[in-house]
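Residue numbers (my numbering): 77 to 385.
I should point out that these hints are in silico values taken from the structure, not numbers from a laboratory.
A couple of the hints might just be wrong.
Pairwise CB distance ranges, derived in the manner of DEER restraints [what the hints assert, rightly or not]:
#: 1; residue 1: R322; residue 2: G252; range: 19 to 27 Å
#: 2; residue 1: I292; residue 2: K78; range: 23 to 31 Å
#: 3; residue 1: A161; residue 2: V330; range: 23 to 31 Å
#: 4; residue 1: R187; residue 2: R123; range: 32 to 40 Å
Glycine included, C-beta positions come from ideal geometry on N, C-alpha and C.
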Amino acid sequence: MKRVRVGVVGLGQWGRHHVRNYHQIPQVDLVAVADLDEREVRGFSRRYQVEGFVDHRALIGRVDAVSIVVPTVHHYAVARDFLEAGVHVLLEKPMTTTQEEAEELVDLARRRGVLLLVGHVERFKPAVGQFVEMARRPLFIQCRRARPFDPNRAMDVGDVLDLMIHDLDIVLALTGARIARVSAVGACVHNEDEDLAVVHLVLRDGCAASLVASRIAPTKVAEIEATLEDRVVALDYLRQSISVRRFDGEMEHVECRREEPLLEELIHFAECVQGLQTPLVPGEAGLQVLAAAQQVLGQMTMMRPRVMA
């Protein structure tokens, strides 16, 4: 089968991992990279023996598919250029800064007959797939996600679009329902957007969910717990492990296969381009999660820490 010619736009902290992983995939030819930083472009071009450009549009005509790993504010414009040119796109989450832009991209991909996938990488941890199958239609969901403050991490969006969006994605996957009611509080500490968010949801199927996300925590944590009628199913994203506590007292620990989720995601993208798989997170799913995140932000009460005298 024909190998997929792939490019990467954006060579920051996460984009470089796309480059590294694409380089390992047999059915992919990594042919070009692009970034506004000419020095980074030269370095990656030499290291991986690929063409490099400062203008992403130079990849058009050279690639069949592209990963877009640029700041969120540029997602719409860059993705639009490639979709209009008939290039398949893997767009990092969140899709765009607005729901309207995301809707336009989904419509454009449909009209051009090309793929638009969204990079919700947590979906490609085997433990997450198992958890979703084991915990569908819950009564109550609790999510906690936290990481220490990192001054080198891109902070172009707030905590909800940065971290909590992963948990919103899983909540929607578990329930298959839209949000009916939202109560949300956010706190700005190091940035203009929220660094901490506490959110309570009621879904239209009657499920309730509590989500906490922080990027100013002392340690890294990522956990979700779903309460069903006869059991509680808990997932530790970091350990990639699942535990089940049944209300009759029985306990079960599920061993999960450990894989590099980004590598799995990129293999999946390439196989979708080849027609071998159906997208796990198509543009429509990314749009649904973004709409949920925007709904949360629209109801959020913002708080700012008091400055001590």
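Tested hints:
1. R322 / G252: 19 to 27 Å: holds (24 Å)
2. I292 / K78: 23 to 31 Å: violated (47 Å)
3. A161 / V330: 23 to 31 Å: violated (44 Å)
4. R187 / R123: 32 to 40 Å: Holds, at about 37 Å.
Hint check: violations occur at hints 2 and 3; the rest are consistent with the structure.
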